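Participant: Sequence:
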Amino acid sequence: MKILLANPPNAGRSIPEEKYGISSIKQIMRGEPLALEVLAGNLPDHDVVIVDLKVDPLSLAETLRAFEPDVVGITGTTCEANTMVRLARETKENCNARVVVGGVHASLDPKFFNVQGIDFVVVGLAKQSFRELVMSLEERDARPRDIPGVAPTHPGEALQFTPRAYDKADLVDDASPRYDLVHHYRAAYFLPSLQMKVGFVSSTFGCPFACVFCSIGAVSGHRYLTHSIPSVIRDIEALGNIPFIRLVDANTFGDSKHSLDLCHGIRDAGIQKNFVADVRADSVIEHPALFREWKAIGLRAVVVGFEAMSDLRLKHLNKKSTAAKNKKAIEALHDMGITIVGDFIISPDYTQKDFDELEQFITESDIRIPMLSILTPIPGTPLFEELKKDIVIHDLDYYTLTNAVIPTRMEEGPFYSRYADFMNTFHANAGI
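Throughout, this note's numbering is defined as the position within the sequence shown, counted from one, plus 33.
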């Protein structure tokens with residue numbers, strides 16, 4: 034079969050820009066659509082094309098006409114959900130393909146996509162589910178049913194499907210991502226701060242924690258699985274001379290033995306790359322020797338979800354960490370010479386005093402790149418259930434983590450002005 038996989042264009046809207054002329058909140062890292070590359074890797078008997086509309090936003094219609102696909106798969110996050118529906122309808126206007134949507138928002142809120150123009154919703158990790166769906170369609174089963182993780186749409190009726198019980202087989206370690214399918218886009222995948230090409234690799238899936246704001250639990254079925262060491266090394270090597278590898282796991286060091294084995298595997302394979310990984314503060318504290326070994330093989334920076342400075346806010350977020358652990362992890366990483374990319378959540382209830390305290394903390398802690406998001410109740414998360422009565426903006430285009438969709442305690446203009454000042458101050462000389 035001919036299968037087209039589409040990465041949506043940049044779709045999020047900005048209250049700071051639209052209402053206050055603040056245009057300084059920019060994307061720092063651009064990367065490839067790894068989710069689509071891994072889907073393609075598990076379809077070896079099919080003709081697969083990837084169209085990255087973030088790089089070439091106007092190319093869908095032309096690609097549809099030229100390729101004439103049988104199936105079109107569209108992925109996306111919450112702020113891209115409306116755009117995914119638009120792309121699905123554009124697809125139907127240009128060809129007779131079956132349209133399948135998946136990704137983060139499809140896993141969080143699958144009923145959102147139970148609309149005209151979409152034939153199937155794939156919920157959660159999609160490698161096996163999507164392959165099984167393609168096989169069923171190839172056998173001319175018009176409305177495949179009972180494929181775990183796949184929901185046939187029925188607009189106007191309830192969306193029904195069997196959740197998939199994930200295990201190691203769903204990782205499909207024997208199928209390498211089809212990095213070759215985005216070769217013509219590769220120049221666009223780089224770190225602006227270093228002007229260095231970056232490649233994406235996955236070494237784990239899911240996270241053993243359950244932060245209330247996080248979408249990972251819904252995508253992973255609250256499982257934490259690890260890819261085999263040979264498969265991760267194979268994928269790193271498949272990226273050739275790309276010097277920077279972003280391990281795109283939610284929690285790369287969630288299994289310390291696996292991460293140590295991976296470290297040794299990379300070292301023994303003679304791989305010389307720079308690495309960035311997502312880690313938790315408690316992992317840094319509990320396994321300093323592990324981080325030193327990773328530093329020796331090229332771990333250049335870690336993304337740490339500090340989120341908040343007070344134990345009260347951390348408890349509310351169900352972070353299972355403390356302010357003291359955050360400070361201790363920062364000290365340890367500085368001692369190791371590992372650059373810190375720190376995630377912080379700015380709550381809409383922030384006052385000027387809260388902004389001042391956060392600014393002081395980031396400055397005194399010498400966090401090289403603070404990533405500052407606004408607390409957003411994403412549909413499908415526990416935070417959404419808690420705050421849905423307070424939501425005043427329901428248009429998902431604004432769910433970019435840089436807009437307040439619940440009322441701010443400060444006046445809105447000064448709130449966004451201070452937020453933008455943070456971006457300007459801390460990202461002016463960002464580098465890893």
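No lab work stands behind these hints, which were simulated from the structure alone.
Predicted model only: the values in this text are computed from it and were never measured.
It is possible that some hints are incorrect.
Mimicking SDA-like on lysine to any residue, the simulated pairs with C-alpha atoms at most 25 angstroms apart in a straight line are [what the hints assert, rightly or not]: (1) Lys125 <-> Ile55; (2) Lys348 <-> His460; (3) Lys360 <-> Lys421; (4) Lys230 <-> Glu172; (5) Lys52 <-> Lys361; (6) Lys361 <-> Lys230; (7) Lys35 <-> Glu172; (8) Lys361 <-> Met342; (9) Lys421 <-> Gly446; (10) Lys386 <-> Met369.
Participant: If a hint holds in the structure, say so; if it doesn't, say that too.
Facilitator: Structure-based check of all given hints:
no., hint, verdict
1, Lys125 <-> Ile55, "violated, 37 angstroms"
2, Lys348 <-> His460, "violated, 28 angstroms"
3, Lys360 <-> Lys421, "violated, 33 angstroms"
4, Lys230 <-> Glu172, "violated, 41 angstroms"
5, Lys52 <-> Lys361, "violated, 40 angstroms"
6, Lys361 <-> Lys230, "violated, 32 angstroms"
7, Lys35 <-> Glu172, "holds, 14 angstroms"
8, Lys361 <-> Met342, "holds, 13 angstroms"
9, Lys421 <-> Gly446, "holds, 23 angstroms"
10, Lys386 <-> Met369, "violated, 32 angstroms"
Violation of the numbered hints given earlier is confined to hints 1, 2, 3, 4, 5, 6 and 10; the remaining hints are satisfied by the structure.
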